[in-house]
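Colleague: Here is what each chain is made of, one letter per residue.
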Amino acid sequence: MISYLDRYARGATVCHRWPASLKLLLAFAVTLTSVLLPHQAWPAQGVLACFVFAGHSLAGIPFDYLLRRLLAFAPLVMMMSLALPLSQGFAAGWEVMLSILCRSGVAFLAGLWLINVMPFDQLLFTLHRFGMPKLLVAMLAFMYRYVFVLWDEYDRMQTARSARDFGGGSAALRWRIRSQLIGMLLIRAMSRAERVHGAMCARGWDGTVRVFEIPPESVTRNGNHRTI
Amino acid sequence: MIEMSQLSFRYPGGRAALKDVNLKIEAGEVVGLVGPSGAGKSTLLLHLNGLLPLNLAADADSGVSIGGIPIRKDQLTAIRREVGLLFQDPDDQLFCPIVQDDVAFGPLNLNLPPGEVRQRVTDALAAVDLANYGLRQTAQLSVGERKRVCLAGVLACRPSVLALDEPFSNLDPRARRKLIAILQNFAGTQVIATHDLDLVLELCQRVIVLDDGRVRADGPTRAILSDRELMEQHGLEVPYRRASGRDG
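First to last, the protein sequences are chains A and B.
My numbering applies: residue 1 is where the first sequence begins, and numbers increase by one.
My numbering applies: residue 229 is where the second sequence begins, and numbers increase by one.
Heads up, some of the hints might be wrong.
Chain B is faced by these chain A residues, among others (derived, beta-carbon under 10 Å) [unchecked claim]: (1) W94; (2) E95; (3) M97; (4) Y144; (5) V149; (6) G204; (7) W205; (8) T208.
Calculated Cβ distances over 10 Å to all of chain B for the following chain A residues [stated by the list, open to error]: (9) M79; (10) G105; (11) R203.
One-sided and incomplete, this derived list gives chain A residues near chain B with beta-carbon spacing under 10 Å [stated by the list, open to error]: (12) Y146; (13) F148; (14) G167; (15) A202.
In short, the hints are calculated from the structure, not lab data.
Backbone N, C-alpha and C define an ideal beta-carbon position, used for all residues, glycine too.
Construct all of the structure, not just a fragment, from the sequences and the given hints.
Modeller: This is the structure:
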């Protein structure tokens, strides 16, 4: 799971060598342009998409990696964008729906490129330098830290379930068990959140976010640091 | 010095976890806290750091004092400066994605200047033999390394008391030995809640047996741990090294 989100973030391509602020600005500019373009500007959206794909190629991110993540992302956006034609009895709204799909696709790929051309801690540091509030930076850091822990927990629960399901049961039963697992995961996540809060308080947390101001550019290729 | 006077605690809607606990632990003592699961060991440790009782009123006394400072809401900062708490599950304690950020968390909350924070991070990581791990991702560490980073995070606050909750659980023998060596080098007071009685024999001069929220025995390690009847009465066993006469 650890490499699922940003598997190529510590690469050595030309994109990885660019300054962090340039990468952040590029991704932001592409997303903003895509969002601000009028509905009818399909060729411009296509150009932006080509630009993003070129960025992925330059960064050495394989196509099947992108495709798998796009497939995971697409149903969610599809459901949201389908709401528009649905609200108009499927008589209109298709163009806007396609436009939403296109814009969100470009934005998603730009974001994916960004997290794969620099380590997440460097991204957070750069966002902080660009003025993102400390609280938001801390929340993103927590999310990045605990998504792996929760995923591992879900994996262990899945394994425990597999060890006792003997391959039987109907599809309905499997779905019921899966939803129970997710419910259990939520309860465990809440109790973990309480313990994490306790651990933070034990080291003097008073609700004020303080950031350790050491630029992560000092990371060497293997992830170790030269100096603190 | 740690003092507990008639400390009782009941979790909201739950059973009583601690009942009339009276304890005195002198500065520099290394004390093992043993007992069956659910005896109240972790609850007792949480009281040392002021994490329990919950919603403590500003002027209410919890019945615990550290170095003469009573644990009250208005004294929590001073108490947490003195007591470093190591949690059982390192994933509860390592909440930052990068090692150095996590180790720096405590010193930053102490409002130390950046140079001092940097120095403490360097010293703490060196103390746990992880000097080159500053920019590693916490999620990529082994359990043993995570435990040591947790300990570095605690040591970076330079506490006078270490309260350790099952510090040796899930560690392989090598990681266990490393952690023992680190604890042996710590000069302050230590309260170690553990099921690892061989280790208690090695590290602690004094043992407290806790069962069903009450202190059942308190005395020198060798005397307590070799009392077979007492140990079995409280769901424990005479440690292998004591039983086989290998503890010297």
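Colleague: Give a verdict on every hint.
Modeller: Hints versus structure:
1. W94: 42 Å, violated
2. E95: 41 Å, violated
3. M97: With Cβ-Cβ at 37 Å, over 10 Å, it is violated.
4. Y144: 5 Å, holds
5. V149: Holds, because the Cβ-Cβ distance from V149/A to chain B comes to roughly 5 Å (cut-off 10 Å).
6. G204: 3 Å, holds
7. W205: Interface hint status for W205/A: holds (6 Å vs cutoff 10 Å).
8. T208: With Cβ-Cβ at 8 Å, under 10 Å, it holds.
9. M79: 31 Å, holds
10. G105: 28 Å, holds
11. R203: 4 Å, violated
12. Y146: Since chain B brings a Cβ to about 8 Å from Y146/A, closer than 10 Å, the hint holds.
13. F148: 4 Å, holds
14. G167: 31 Å, violated
15. A202: 4 Å, holds
Against the hints set out earlier in the document, violations occur for numbers 1, 2, 3, 11 and 14.
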